[in-house]
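Given chain A's structure and the hints, the job is docking chain B onto it.
Chains as they are written, first to last, in my numbering: chain A, 77 to 270; chain B, 8 to 608.
Don't read these hints as lab results, they were simulated from the structure. What you are looking at is a predicted structure, and each value in this text was computed from that prediction instead of being measured. All C-beta atoms in this analysis are idealised placements derived from N, C-alpha and C, irrespective of residue type, glycine included.
Here are some chain B residues the structure puts well away from chain A; computed CB gaps all over 10 angstroms:
#, residue
1, D21
2, A86
3, A92
4, S225
5, E268
6, E337
7, L485
8, E516
Below are the SDA-like pairs computed for lysine to any residue, each with C-alpha atoms no more than 20 angstroms apart in a straight line:
#, chain 1, residue 1, chain 2, residue 2
9, B, K158, A, Y118
10, A, K125, A, E212
11, B, K81, A, S194
12, B, K167, A, R114
13, A, K191, B, R64
14, B, K172, A, D108
15, B, K81, B, P65
Simulated coverage check for chain A against chain B, where a stretch passes if three residues somewhere in it have a Cβ under 8 angstroms from a Cβ of chain B:
#, segment
16, 109–123
17, 178–192
Below are the chains, spelled out letter by letter.
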Amino acid sequence: MYGMLNEGIRSFITDNHGPEAWQRICESAGLDQLEFERMSSYDDAITYKLIEAICRFTGLPLTEVMDIFGRYWVEFAGASHFGNLMRLAGNSFIEQLKGLDDMHDRILLTMPHLKPPSFEVDQKDDGSCILHYYSEREGLAPMVIGLLHGLAKETGERIEVSQVAVKSEQFDHDIFEVRILDKAPNPTSTEAGI
Amino acid sequence: MTASKLDLTGKAIDMLFPMHVVLDDRGRIGGLGPTLERVLGTGVLEADLFDVFTVERPRNVRSMADIRERLGTKLVLRAHLQDGAPIQFRGFALAAADEEGIFLDLSFGLHLSQVVERFGLTEADFKPNDFSIDLFYSFEAQRTLLEDSQKMASALKAAKIEAEKKALQDPLTEIANRGALHRRLEDVLHLPDRGQMFALLHIDLDEFKSINDNFGHSAGDMILLQTAEAMTSFCGPNDLPARLGGDEFALFLAEPPDKEELHAMALRLLNAIAMPIRYNGHSCQVTASIGVVLFHPGQVQNADRLIAHSDIALYDAKTTRSSVKLLSKEMIRRHEETSRLISLIERGLKLSQFVPYFQPQIDSMTGGVCGLEVVARWQTEKEGVLPPARFLETATRANIMSEIDRQVRCKAFTHFAEWKSDGKDIGKLSLNVTASNLRSEAFAAILQTELADAGLTPGDIQLELLESILFDQSDQELIAQCRNLEQAGFALALDDFGTGHSSIATLIETPVATLKIDRSFVSGLDRNPKMQRIAGAMLAMAQNMGLDVLAEGVETREELEFLENCGCRLFQGFYFSPPLSAVEIRKWLDVWAPDLKRVTA
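Pulled out of the complex, with its shape left as it was, chain A reads as follows (with noise of 0.2 angstroms):
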């Protein structure tokens, strides 16, 4: 995992409950360090050792833990520079889901120890749309969910997800079904090219 993920938990941890919590948190968890690189590739145990020790921390389940996190995942990399190469796949929220990958791709040109998530997105009649999650690593499933909805308050939108397949040993991905509840207004400038 890069270092910059560990830096979004750290500053989430220390917006929300003050930098002493965030060395109780590591310690805890077993580290002996307060701070990441966030070009630097870190063992992804430190991770999921951080993740466990904050729901010692705040006695919260781990999904909720993962839930919260991806919702502010998505404020933290937004007010990076990495928020510019979000905002190129457009304005509303299918726009930037579909260029997720796009996003990552670019990354990776120069993070290439990175093994970024996949998401792939078929998109209903209805307007609602199926989104399927791809990744190597295991249990991240709960924090899609809370990326989504922080995605979505982004864009100015509403969501409604449900996960309706989950990965195991027989099937290689998660699904979700996002319904949009609130579509965000639409942008004439790119209307306007067309």
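Then chain B, alone, in the frame of chain A:
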């Protein structure tokens, strides 16, 4: 003409799309752009597209029909070459003019840098308006920046670790410093109390200063290093030896043995510290004392308190010369009592409760007062007037004796000046001088300022030096200071003569004008022939050396007369008067008359 009417030549197509793939209706590769041909080789011509490429995204694109469904959308493909790593491409598919074939326009994806290097591609291999080659330059610059950044980050990290290490390490001995010990003790004190015991040994080297003075600081450093090594050799993996500063050390033991074995271990540690070292051909050696505290988590509030407790045990070890002392409740009680007394003394100083008492010195030849010796008294609210025995030791240990001296001295000067201006013939004012007074370069100047403020001069003052503090003949510093004082006009007397074991040679070196024979040679003198012979010899010696002699502690007429008969003419003692307050001595002076001198007794 519009673009739809354009019929581009093959050369133009190769130039505009150097990485194109032409597929026939069955999906076989019919043609390649020149750059792609260089990368894939001509061997792929006529091969099926899916034998050469895998479509990574969208997933599940595995046939020409799947591609036809996605004309104009972005494709991510991967070419599997027979030699070397696979190459990723991005592109899109268009229907060929005959509507049967497919035209794929590709560009390099993720592996752009590797491919440029691997196949030696140049700008000419990219279409003129393709910025991919620009990215290549950017990546190279970025790679350099990243390498520098990582190098810098590693250096900073190493510096941070080193700085943290140094912040917790004593630079000379490289064992932990006070801060590190403090941190460890705080951790231990905050552990849950499960009945486990820990120990803190507080170690102080005895007379360490003399090593520095006699052999130099390098020798002192060697002793400190040896002490640290000795402590480390007694440490287990969880113990911590630390230097607290100067010649003060501490050893934290995480799993101390029982009290008896701990005491034995501390003694072994002292032996190790006391091993002599060779320095410049000399043998240097120090002894040490250890105060020990056994404690459990939560026993005291914080590390400072714990170190203070170990210091109490250390102090007890030093004062009782017992080498090793384990802290007891009695020691803490005594310490608290001392602390309370220090507070009271400090309060007394603020309230100006320290006053001079005066004891007259009599010249029996004239019957007149030849001097007044100043002694300090503490006028307390609850216990009345207290003698120095009640505060001297504690005040000296708390480093406040010099302030008491100053308070007493200034008051004495004021009174003495008043009595002089009243016309009283009272000789000199005698003041006791300590070793630290003498070693202080500022002492003479302070004294002169105080005298000037009171309207007195050094000629009004006799300084009484304790024989025991003086007098090591080799202490040239003290002897030089005595000469300075004498030259400034002060008279010097040697107090308690006969008790300090100084050599006679000291009397030659030091500019002393008067010897004060200690009371132990005077009391009962008239009934003890041996004492009479000693006193007689002392007086004879003094007379031969041209020194005045003053006998202290004269309490009876018989003592006085015997000493007078031996040639002594200056006296001080209860026979004439005990020390009196300023008011009382003023009255005494009024009634004292030479012809009444023996009547008053």
